[in-house]
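Sequence lines, in order, name chains A and B.
Just so we're aligned, residue -15 is where the first sequence starts under this note's numbering, counting upward by one.
Just so we're aligned, residue -15 is where the second sequence starts under this note's numbering, counting upward by one.
Since the hints were derived computationally from the structure, they do not count as laboratory data.
Keep in mind that a hint or two might mislead.
Copies of the same chain look alike in the list, so a pair counts if it works inside one copy or between any two.
[Stated by the list, open to error] Taking lysine to aspartate or glutamate pairs in the EDC-like style, the calculated list, with each CA pair at most 20 Å apart, reads: (1) Lys43 x Asp115; (2) Lys63 x Glu97; (3) Lys95 x Glu160; (4) Lys175 x Glu40; (5) Lys60 x Asp138; (6) Lys11 x Glu136; (7) Lys9 x Glu156.
There are 2 protein chains.
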Amino acid sequence: MGFMGAISKDGLNIANKSREIVKNKIKDVLGGKINDFNEEEMGIIERVVHATADPEYAKLLVFKNNPIVEGIKAIKEKKPIIVDVNMIKAGIRYDNVKCFIDHPDVFEIAKKEGITRAVASMRLAKDLIDDGIVVIGNAPTALFEVIRLIKEEDIYPRLVIGVPVGFVQATESKEELRKLNISNISTVGPKGGTPVAVSIINGIIAYAKKGKA
Amino acid sequence: MGFMGAISKDGLNIANKSREIVKNKIKDVLGGKINDFNEEEMGIIERVVHATADPEYAKLLVFKNNPIVEGIKAIKEKKPIIVDVNMIKAGIRYDNVKCFIDHPDVFEIAKKEGITRAVASMRLAKDLIDDGIVVIGNAPTALFEVIRLIKEEDIYPRLVIGVPVGFVQATESKEELRKLNISNISTVGPKGGTPVAVSIINGIIAYAKKGKA
């Protein structure tokens, strides 16, 4: 399969043409700052702009503490990926992806403790998050809970991709994530979402399969 | 469950605060044009801006041929929803959603005929698309195939939500969709994607459950 899962000639032509346009849009947005990113980071930025048709993401993505190399290592070790919503699970090309948002215990915990289902789902996944990969593309509260687990309960994920979307708490949750000493990829401001999350983690999985890092 | 599936007090507070901000952002973007939309359309616009944190969508969404009323009717009749990618299927709160992109026949047809998997998946779904609802959030070629089925093969979907994303063919495919005499919802330009598609169709499903129209 070619870029973005294309198998037909039409599919490949579209993917190649799109890639060309995406590269140029990123150049326009980043200007001289394009040299701030290494080749692997640029590959991830391209995927996100491709998935959203929104070149602004080139300015919004932040890579902290060597996240791509750490992510590739964790994928090669077949570590689990814990996600906040099923849409992300459906988009990731990897066998070991876990989402607890619809787990019966999550409904119970959320109601009883007055927390969001997203928070409850991360709390339930605690043992998998330790030494695993976390991908959050929807709920800021889920990201805050992961940050709390790291700070208060000595949970140490190998990589956190934190790109929750929205005007309430999303910006703040990602700022807190970037202060941590763990490997993370995030966006600045309210933008983010499931296609952003999925394109980042699928990019890292693709690198791992190609034997990068 | 409250707005956006919130069940906890925290979840409801976030959802309500977010809704407030979203409404204001939409007002800023639309100005006087806010009166161009009816209450149900505004509800859909709010969901899309909520899902993307991108208020520009208020200017990009187009409703043609009474799509919300037609969509609600089709949902109440339990018509199937045919989608282009599994991420959309995972996000829709409805029992009868079909996605053929990973169907073995689709790989065969795509390779043999030199078409994209997305096109092959729509061709395979032809009989379900007739009198059903189509939701396309990723592949412009899938939307072009649906348009071809409508024009050349007398297939008549009740509603087409066409919001494929990308810099190649997405804009053009949506322009062609808007020329048709069927009920449709689309975006102007390259932007769109799975969260846009999912929030539109889930909004219509929510209306149908509340007994609107």
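### Message
Reference check for the pair Lys175 and Glu40, CA-CA at most 20 Å: within, between, both, or neither?
### Response
both (10 Å within a copy, 12 Å between copies)
#### Entry: Homomeric proximity label, Lys11 with Glu136: Cα distance no greater than 20 Å
neither (41 Å within a copy, 41 Å between copies)
### Message
For Lys9 and Glu156, with the copy left unspecified, which applies at a CA distance of at most 20 Å: within, between, both, or neither?
### Response
between (28 Å within a copy, 19 Å between copies)
### Query
For Lys60 vs Asp138, is the C-alpha pair at or below 20 Å within one copy, between two copies, both, or neither?
Neither: 24 Å inside a chain and 50 Å across chains, both beyond 20 Å.
### Query
When no copy is named, should Lys95 and Glu160 be tagged within, between, both, or neither for a Cα gap of at most 20 Å?
neither (26 Å within a copy, 47 Å between copies)
### Query
Between Lys63 and Glu97, at a C-alpha cutoff of 20 Å, which is it: within one copy, between copies, both, or neither?
Cα proximity of Lys63 and Glu97: none, with 30 Å in one copy and 39 Å across.
### Message
Checking an output row: Lys43 and Asp115, CA cutoff 20 Å. Within, between, both or neither?
### Response
Neither: 29 Å inside a chain and 44 Å across chains, both beyond 20 Å.
Comparing the model with each numbered hint stated earlier shows that hints 1, 2, 3, 5, 6 do not hold.
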